[in-house]
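Below are the chains, spelled out letter by letter.
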Amino acid sequence: KNQVEQSPQSLIILEGKNCTLQCNYTVSPFSNLRWYKQDTGRGPVSLTIMTFSENTKSNGRYTATLDADTKQSSLHITASQLSDSASYICVVSNRAGTALIFGKGTTLSVSS
Amino acid sequence: GAVVSQHPSWVICKSGTSVKIECRSLDFQATTMFWYRQFPKQSLMLMATSNEGSKATYEQGVEKDKFLINHASLTLSTLTVTSAHPEDSSFYICSVGGRVNTEAFFGQGTRLTVV
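Residue numbers (the working numbering), protein chains in the order written: chain Y, 1 to 112; chain C, 113 to 227.
Note that these hints are calculated values from the structure, not bench results. The structure presented is a predicted model; accordingly, all values stated were derived computationally and were not measured. C-beta: ideal position from N, C-alpha, C; glycine also. It is possible that some hints are incorrect.
[Stated by the list, open to error] No farther apart than 30 Å at their CA atoms in a straight line, the calculated lysine-lysine pairs in the DSSO-like style are these: (1) Lys-104(Y) <-> Lys-132(C); (2) Lys-1(Y) <-> Lys-176(C); (3) Lys-17(Y) <-> Lys-104(Y); (4) Lys-167(C) <-> Lys-1(Y); (5) Lys-153(C) <-> Lys-71(Y).
[What the hints assert, rightly or not] Pulled a few chain C residues facing chain Y out of the computed Cβ check, cut under 7 Å: (6) Pro-152; (7) Ser-155; (8) Leu-156; (9) Ile-205; (10) Gly-210; (11) Glu-215; (12) Phe-218; (13) Gln-220; (14) Gly-221.
Please construct the entire structure, taking both the sequences and the accompanying hints into account.
Structure (C-alpha cells):
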C-alpha cells in the first residue's frame, strides 16, 4: 500500500534554532518527492521537488535530502524564524505520475 | 509558477443547501485540475480529477452526485457541494499541475462550515 509517514507529528522550537523533519514512504514505483509548507487555513506552497537521482536540494534556509534506497527523506530548516511556523507536508508521486500521496504533515511552531 | 485562485476563502451555509467553490488558474491553461479535501490534522485527500470539456474522475468513496464538478474552460473548475450536511464541513483545495515531475500549484483553499 502506498503510504507516506512523517515524524514528528508536531515540534516546538525556539527562534533561531535548527530542526529536521522526517519522511518515510512506501510508494512504488517512485517518481519524485516533494516538500510543501502549508500555513494555517491556506493551500500548500512548494519548497522542493526531488527525483530519484537527487540526494539533496536547497531552497534558502530549507534543505531536503532523499535516500531512495531506504525510502527516507528529511527537511532541514536552518536558523528558524517565527514565519516558519506552519505544517510541512511530504508528498510522493508514483512513476506513472497519476497520483500524489500526501503525508499528514509535521506541525512546526517557532516561538520567540 | 502558476497562480491558482479559489473563491470563496470561507463559507458558512445551512444544512441542506448547496455551495459552489470556484478554482481559477490565472496564468496557466489547465486541461486538468484536482480537488482535495482536508480534515483537521489530516492529509489532503484527492476527491476528484477535473477534466476540461469532459466528465470528472472521482476517487473511490466520493459521491459524484453530491460533489458536482464542472470544468467548462481551461482556466475555471467549479466544485458544488449539493445538499450539504455538517459532516461535509472541511477545507477544500484545488490544484493544477503535479503530473509526473511537474510542479503542483495549489489554491488558497476554501473553508466550508455547514450548520
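Here is how each hint holds up against the structure:
{"no.": "1", "hint": "Lys-104(Y) <-> Lys-132(C)", "in the structure": "holds (27 Å)"}
{"no.": "2", "hint": "Lys-1(Y) <-> Lys-176(C)", "in the structure": "holds (25 Å)"}
{"no.": "3", "hint": "Lys-17(Y) <-> Lys-104(Y)", "in the structure": "holds (24 Å)"}
{"no.": "4", "hint": "Lys-167(C) <-> Lys-1(Y)", "in the structure": "holds (28 Å)"}
{"no.": "5", "hint": "Lys-153(C) <-> Lys-71(Y)", "in the structure": "holds (24 Å)"}
{"no.": "6", "hint": "Pro-152", "in the structure": "violated (10 Å)"}
{"no.": "7", "hint": "Ser-155", "in the structure": "holds (4 Å)"}
{"no.": "8", "hint": "Leu-156", "in the structure": "holds (5 Å)"}
{"no.": "9", "hint": "Ile-205", "in the structure": "holds (5 Å)"}
{"no.": "10", "hint": "Gly-210", "in the structure": "holds (6 Å)"}
{"no.": "11", "hint": "Glu-215", "in the structure": "holds (6 Å)"}
{"no.": "12", "hint": "Phe-218", "in the structure": "holds (3 Å)"}
{"no.": "13", "hint": "Gln-220", "in the structure": "holds (5 Å)"}
{"no.": "14", "hint": "Gly-221", "in the structure": "holds (5 Å)"}
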